[in-house]
Each structure stands twice: as structure tokens, then as C-alpha cells.
Amino acid sequence: MKKIVVIGAGIAGLEVSKQLLQANLPVTLIEQSSKIGGNIKNYAYLFPDFYNAEDLLNSYQYIITDPNLQLLLNAHVSKIDFSKKIYNVITKDGITIPADAIVIATGYNTFDARLKEEFGYGIYDNVITSVELEQMFKKQEIITPSGKVPERIGFIHCVGSRDAKVSNTYCSRLCCITAIKQAIETKKLLPLVEIFCFYIDLRMYGLLFEDLYLSAQRDYNIQFVRGRLSEASEMIDKKIQIKAEDTLIGRPLQMSADMIVLMVGMEASDFSKQFKYHNDLNVNEHGFFDPINPHNLRNLTAKEGVFLAGTSIGPMSVGETIDHARGTALSVLSYIKSN
Amino acid sequence: MKTYFQYPFLIGTIFLFAALIYIYIKWYVKLSKYDKVRFKKFWTTNKVWKAIKDSINDGLLHLSIFKKNPVLGYMHMSLAFGWFLLIVIGHLEVVVAKGGLNFPFYYAIFFRYFETVHATTIAKIFAAVMDFLLLFILSGVVLAITKRFYKKLFGMKRTTKLKTFDKMALYSLWSIFPLRLLAESCSAAVYNNGSFLTNTTGAWLGNMINVSAIYEPSWWLYSFALCFFFIALPFSRYMHIPTEIYYIFLRNAGIKTKKTWESYAQIQLYSCSRCGICLDACQLFDAGISDVQSVYFLQFIRNKVDAEKPLFGCLICGRCQVECPVHLNLNDLRTALRIKASKPLTFSYAYTKKPEQQTADTIYFAGCMTHLTPNIKKSMTKIFDYVGENVWFMDDDKSICCGRPLMLAGQYDSASQLISKNTELIIASGAKNIILSCPYCYKVFKEDYLLPDINIKFHANYIKELIKQNKLPEGKLNLTAIYHDPCELGRGSNIYQEPREVIEHYAHRIPLQKNKDKDRALCCGAGLGGVNLPAEAKNTVAYNTMSYFAKFNPDVLITACPLCKKTFVRDRRIETMDISELVVKAIEQPNDSKSKETKEISYAII
Amino acid sequence: MGDLDFLKVKHLHIDYDKLELDLLNKVLEEEPSFQWCISCGCCTASCSAGNHTTFNVRRISLLLRRGEIESLEKELEKCMLCGKCTLVCPRDIQLRNVVMNIKRNILKYKMILL
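Chains as they are written, first to last, in the working numbering: chain A, 1 to 339; chain B, 1001 to 1606; chain C, 2001 to 2114.
To be clear, the hints were calculated from the coordinates, so they are not data collected in a lab.
Treat the hints with care, as some may be off.
25 Å max Cα-Cα, derived DSS-like pairs, lysine-lysine [said to hold, decoys possible]:
| hint | chain 1 | residue 1 | chain 2 | residue 2 |
| --- | --- | --- | --- | --- |
| 1 | A | Lys276 | B | Lys1551 |
| 2 | A | Lys238 | B | Lys1398 |
| 3 | B | Lys1382 | A | Lys238 |
| 4 | C | Lys2108 | B | Lys1309 |
| 5 | B | Lys1343 | C | Lys2026 |
| 6 | C | Lys2110 | B | Lys1343 |
| 7 | B | Lys1256 | B | Lys1036 |
| 8 | B | Lys1585 | A | Lys238 |
| 9 | B | Lys1026 | B | Lys1047 |
| 10 | B | Lys1340 | C | Lys2026 |
Coverage of chain B stretches by chain C, computed from C-beta distances (three or more under 8 Å per stretch; other residues unrestricted) [what the hints assert, rightly or not]:
| hint | region |
| --- | --- |
| 11 | 1337-1350 |
| 12 | 1369-1379 |
| 13 | 1403-1413 |
| 14 | 1532-1543 |
Cβ atoms here follow ideal geometry from the backbone N, Cα and C, with glycine treated the same way.
My request is simple: use the sequences and hints to build the entire structure.
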């Protein structure tokens, strides 16, 4: 029986496993944390329809009991041995798992906002990240870290994306729509709050995204300022002073806000970054895995029997991740069949 | 016996001396009034001995080069010191042989031609010494030729590029001593008047060819080689030989490089021996930039090539200045030229609004760039609060730049406008201390602000004082740290020790290799001196510097400059923090680190 | 006649077909990076001089790109060259050099015309 190892039990890894299990193939699913789900656990609701993220994750729970699935939690892959025909995936604890095919579904890291020091995350209390705001949605209660119901919130786009100063020159492309989604959710919880989104370009790439943008303006009175945050500082009353330029007017703008939310971008995972320095697998200049080509071979690496799924190849939404993972499962199946 | 072959040599010598006297006088006349007084006064002081000592050490023995690179040092020493001794002992030999000073001065140069017998033991000893010296010089010539072709032998990655004119001087210099060997060997073959070297080569030559046929021509050639070299010298890189001595004396007289390009700068320009030691110190080579390095840059200026791009393309990190064996003030020379080049570009700051004037014992001036590293600001505020210092955060809101970035772009006059605005505020506050956390600000405050009654302190020094006075709590963190010397602080303001002491007090400092530490520390690549450097070049320098630090695998990289910090943050290999952040981390969470230590151990047991 | 009259572009619209692009091309040749600007405004917002007066370094390079070179010289006198703009630019544009270059080239431009 051919054995398949899936690295990462986020949405992509779960979807690949689900599809392969349906085809009656044995799957070893390796997850570094103590729970399945990966980054989706950070989110309460998904754009553009506010679908409950937990429901989506729960739809995968049943595969855990599948006898064909071996789930390894708290397991860190330290090495993949490509020297033999059947590869070996070796964990930090010394477990060696033979694999006929390997699916890399290691996902992404959220950008560490402390690296943008001038934005004040980790320095000023009332600077939070989009991930932290999502936790507030889970509790259905929005209170600033200094313990106040906010009257004005600034959403800061492109934190750790499109920024040579932190070596991330690409666009994470999901933060724009996430900001709009979060702004609307915030407004639903706090109808009186004033919300300002500071953006460089609004990239509403999905079919329904522009509708949500319009809704934000029309139904929720959310304001958009074209200008990137340049510096944030703390005022005596713990409010955050925003410094940006209103580039459409062409004058610098100052604004105090009870809280600012940094829309942190997506970065390559630590797992993919470690391949930057050896040539077993191709990693591009942004640290993500490079598929053979980005059109019809998006799931394949140059290494035979090693496949890619989900955000290990770059920023993707949940839906796109699942689609991509299904494609990967199909590639794995045809590979197993032909061997 | 009437001879004519000495005339080329005589013409060359007379030309050389006339040219040198003319140039020396011209330079002297153009010195400023005060520098002339300094130089005149100098001759009555003990400093003359120091100048003579320096001249022997650097001009003849080349000890500075020797210390940095023994092979290269030997090469310079054999040529300079060897030739010097050859002339001095050569004349001595003639004096002894003639029993007096009754001989033409070229006689010693061509002594073997004129003195065909040496009967006495003393003469034989002299001949042996002269042969030995010639051999000594020839070994240097061989090294010089080898260096041109195999620079790795000297442990140097690069050697200097030459223009055609210098090449002519170079080749004539290379040929002088082989030709002298040939000529003396011919004499030795005919008269047996040489010693162990010339007699041997003479005999060997005699076996191969008819020596008497090339005897006269070889002396002619030797004379021509000398003539050619002497005439070329004032127009070539070898002008550094006489100029360096002049420079050593002026330097010892206490003359300083000015903000304007004047005679003293000109003398330094011509003192550069183009040894190329500065090349290996320059980190910009690795970024594909090969025209800003001091030796090339000075060459452009000397050859009056348009050098605006390389002029503003140097980081002014000062690494080359530390290595320069001639001790040229390379940063000051560049600054003077920048001022000259950007003179017509004016700035005007009449618009600045005064921040609200406050009075305080101590001023904290964060500087423009520290506003982008609020962790430093916050850490300083915490330290001030902890020790109860009454501080006015002067540029918290309406900051006026310190002026240093303008100076690095050659804008001294514009900078002085900002300096006077800040000075006014500082004096009106009645403060006794001003504390700075940016090395750029510190340097300009220390050197260009007139604040005689106020202590200007860098934050690391201030923190060191607080530790000494037991005003800060103990609490060493379980962290290994590397300290990165900011260029403007280390080489720029000579502060190395205090930051190290502070770090060692609160963390475990990993020492760096000597050739990358203190005054030879690497630059982060973002220096404000690099006005027209492209981002890729700066990033390459930063990446390479970080790669060096990463080899030591420290927990944190500590620096004392907001610009260095921001530059290193983009490279994620090591967490970077300012020295003030380390202090706050240590004084706020002494128990936290202990728990971390135990946590690690327990993890290892499982 | 003001001393900069010859630098003026007197049109209601930005008439791109009639632009004087000599100065722009000269500056771009020496500092190409300012062509990469995405107009995020960080430079202007963090500007030390902009804290005291109307000085918009982003707008200056944009005006130059559109041939509006009328008041650039006077505006650029306000820059303190502190380098904050260069330090915040997400596109790594070397703004200090952009300022120096525009200034230098306006000067050369004036000399040619005089």
C-alpha cells in the first residue's frame, strides 16, 4: 500500500487528507501544534459572507477517526530524506515516516507587527493586529486593550506587505477585504464607532469583494483615507495618534484614535524559509515554495512525488486554499496510480 | 676621462628638485595665515623630533603598512629605506675612497663606473654592503612586480588601477635597479670591482656575452631610467614620496583639515601612496561599487576627473581612514569636497516653528530618526522615570533636525541655521545636561554646537554613569548579545567602551574578531553619508554585515543607533535592539529571564 | 519678471503632449528610483520639515513628473535632508538623493537657459 505524508493540518492539509482518505489511501498527517486547523483558528468569520470559520473547521473533524489516517500532533518535521526512492520524513522527536508521496501544506505565518516599530505594536497598548480583533469578534465584545469602548478606530492596511523595509515586497491581497469585513463587523457590534481605513490601493479582487466595499461605504459609513500610516504615537490619554498623508488632498493628516488595527500580511512559513538555503525544494525570493509553473502545474514541485497545497505557495483565501488542495489531491492520486 | 652618460641623470635630478621646491613653496604660501604661524612655531618645539621619528617610521621604514601587511610593508620598506641607504652609504663610500668631499654629486650614483679598483679592505666592505643593499631593493622590486600580477600573495583582494602616465613612472622605477645591477655587473665583469652579487652576475654575464659591448650602453640606460623616473615623479603617484614627509611635518605642527578645500588638503591628496590598503576595508566593493574607494576617489581628484558621483556615493563610514598607513583624514577630505560641490545648492529654514519652551535640568533630544524607533524613546523615558530625572523631551513634537545629515551632504551653512535654532532653545531652557540617543546628533552636538556650560552625553554613557552610581537595579539577562558599533559613534566620536560595559552589565556579550571590532567594525550600510547610493548597494552591505554577526549565533544584536537598528530589522536572522531597550528589558523583568532559563532546562529533560 | 518665470508651465490642463521633460529625464537618469513611487504618502507624513510648514516631497516629485516645475526650487529649500522619508519608504526610494538631484538639475537647467 502506498503511503502519503501530509505536512501541516491546516485547511489545505485537511482537505488533501480528506480527498485521499476518500480514495482509500493511508495518510499520515503531521501537525506542529496541538490542534488541527492552523491559521483558520485565528478567524471568527470569513469574508465575503461572514461564514463561521469554526463551522468550516468542524466539517473536517470526522476524518480524524478514519482508520486510514495517522495524525501526529505536536510533531515538527526536522528533515526530509530524499536519498531513497521512498522518502523519509523525520520529526524532531526522531520519528521516521516513510512516504511515497509528500504533500507540503505548511501554510503561512502572520507578519510579526513588532518589526514595523514606528507603528507601535508591542510598544503602545492600543495598537492591535487584525488577528487580535478577530478574537474580540469571537467574544462578540470590542474593548480597547486599555479597557475602553472605542469611539474611533483606524484600520491600517499593508502592514508587512508591499514593504521593502521588512523585505516583503509582495501584496498579501487578502488584507484589504479582511479590513472591510472587520470594519463592518465592528460597526455591527458598535454602531456608533467611527472607522477610518488607511490604504494605499484597495485590491477588491474577488467577485463579491467590491460589493462589500460599497456596502461598507453606503451602509456602514466607513471612511477611507488614501495614505499609508507613517508613524503612530501614544497620547497622554493612551489614545493613538496617527500620522499619515491624505494623498488625495496632498497634505499631512493627524488623527487620534482609541485603537488602531494593523492588517498584518501573510509571510512564508518557517518551514518553507528553511529551504531557502538548500536546493532540495525551490523557494522563491519571498520565501514561499515555487511550483513548477503558476498556471497548470501549481501543485507540483520539481521534486518527483512532492506536492504543494494551499498558502505554502503564496497568499490565498480559504476558498482558494480548498480548491488548490483538491487539485493537489488529484495530482497525488494520479501520481500514485502511475507508479 | 670625459663622460657624458651622467647628463640624463643630472637633467632629471635638477628638474626634480626645481619642481619640488616650486611645489613646496606654492603649497606653503597657500596655507592659511594661522597655519603658517603654527608651522613656523613648530620648528622651535619638541614636536620636530616626533615628526622626524614619524618620517623615518612611515616615510622610510613604512612600519604602518608593515603592521597591517608584512609582505606589502617589506616591499615598500625595501624600496624606500633601501634606496635611502644606498644613497647615503654610497656617498659615504665615495667620501672614504676620495678622502674628502671633493667630487661631483653624481659621482656616488655611478661610482662603480669611475672607481674601477678597490684596493683596501674598507672599500671591499663598502662594496659588499652596497651589493647587499642593491639585493635588498631588488627583492622589493620583484615583490612589486609580483604584486601587480598575483595580488593574492599579499593577502589583498584588490590592487590599484593605474592610468597610463603612472604606468610609465612605474616601469621606469622597476627598471632602475635591474639596470643598475646590469651596469655594475658589467663593470665587475671588466674590472672585478664588485662584490658577492655584482661580481657573480658579472662573471655569469661574461660567460654568455661580450660584456665590453654592453658596458657603456648599460650605464647610459641606468642614467636614463633615473632621468625618466625623476621627470615623471612630480606628475605621477610617486609624488607621494616627497609629499608624505611634508605632510608628516605639517601634521605634527598641529594643522587640521579644514571644511574648505585648501593647501593642507591638497598636500594630503598628493600624499596618498596608492598602496590600496583602503580598498579591502571598503564594504561597497561587495555591492558592485568600485569607484568611491578612497584611493580611486583621490586619483579622480588628482587627475581632475569629474567625480561628483563617487564623491556622494561613499557612506563616510571611516573604515578606510582607520586603515590608511599615511594617516590621511579621508572623511574630512571628502567632506571638504562635498561642501565645495554643493555650495550653490541652498536651503532656508526660516519657517521653523519653535516648540514650546520649557525649563529643565536635563534635555532629551531624540532626533528625527528616533521618532521611527519609538522603542528607544519609550525606553529612555522609562529610564528617566526610574531615576527621577527632570527631563524636557525637546523634540517630542516639533522636531528640528540636528544638522548632521545636512553636513554629510556638504551643506554646512544650511546646517548652521538649524544648529542656531536648537542652540537657542537649549540655552533658554537652562539645562545642564543634554542626552542624545542618536550618534548622528551626538557627533554634531559635540563638535559643532557651542554649548560650553552643558554636558553633552550619549545615552550609553549616561546609562553607564547611572549604573556606576547604583541608580539602576541589577538584573543580568540570560541573553547572548553582539554589539554593533555605529560608525558615527565609534569611529566618528570615539565611543567604544561605555556601550560594551553597559551590555556586559546586563547580558553576555560575545566578542567579535579584532579585525571586525571597535574602530574596524563593519558598517550597516545605511550611513547618511551615502547620499546617492542605490538601495540595493545599501542592502547588500547590511546583508553582509548581518551574515557576519549571524555566524556567532547570538540571541540579540545590540546597537546604539536608530538608523542601524532600522536597517538590521529588515534582515530577520537576529533580533535587533537598542542598548536602551536592553537596559529596560533587564530592569523590568529580572525574574522573567530566570523563569525562561528553568523552562528551557525542563524542556530539555522531557 | 520673477526670476523663475522661464520655469513656468502656464496651462489649465496638464498637457502631456507639450511637457518639458528635459529636467525630469535628467533627474531620472541620476536617480531612477523616484519613478517607482506608489504615492503612499509616508515620506510626507513623517517629514521633519512638513511638521513646521507646507512641504510635500511626494508631491514635488509627482509635479516634476507632470512637468509642473514652477515652484519646485523654492519648495525644495525647505528640506532638512534628515533622511526620515528614505527610512520609511516602502519602495526603498532614495528620497534624499531625489531632493539633491532635483535641486542640482534645476540649477544646471537655469544656467543653460541664462
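Given hint Lys1036 of chain B paired with Lys1256 of chain B - CA-CA distance at most 25 Å: Roughly 12 Å between the alpha carbons, so the hint for Lys1256 of chain B and Lys1036 of chain B holds.
Proposed proximity, Lys238 of chain A with Lys1585 of chain B (alpha carbon, max 25 Å): 22 Å, holds
Pairwise hint evaluation, Lys1343 of chain B against Lys2110 of chain C, where the allowed Cα distance is 25 Å at most: 16 Å, holds
Pairwise hint evaluation, Lys1309 of chain B against Lys2108 of chain C, where the allowed Cα distance is 25 Å at most: Given pair Lys2108 of chain C, Lys1309 of chain B holds - Cα atoms ~16 Å apart, limit 25 Å.
Pairwise hint evaluation, Lys1551 of chain B against Lys276 of chain A, where the allowed Cα distance is 25 Å at most: 17 Å, holds
Hinted pair Lys1026 of chain B and Lys1047 of chain B, Cα distance within 25 Å: Satisfied, since the Cα-Cα distance of roughly 24 Å is no more than 25 Å.
Holds or violated: Lys1340 of chain B to Lys2026 of chain C, with C-alpha atoms at most 25 Å apart: 22 Å, holds
Within 8 Å of chain C's CB atoms, at least three CB atoms from the region 1369-1379 of chain B: coverage verdict: Holds: 3 residues of the region 1369-1379 of chain B have a Cβ under 8 Å from chain C.
Given pair status - Lys1398 of chain B, Lys238 of chain A, alpha carbons within 25 Å: Holds, because 20 Å separates the two Cα atoms, which is no more than 25 Å.
Chain C covers the region 1337-1350 of chain B, three or more CB atoms within 8 Å, holds or violated: With 7 residues close enough to chain C, the hint holds.
Given coverage of the region 1403-1413 of chain B by chain C, checked by CB-CB distance under 8 Å (3 or more): holds (count 4)
Pairwise hint evaluation, Lys2026 of chain C against Lys1343 of chain B, where the allowed Cα distance is 25 Å at most: Holds. Lys1343 of chain B to Lys2026 of chain C sits at ~20 Å (cutoff 25 Å).
Comparing the model with each numbered hint stated earlier shows that all of them hold.
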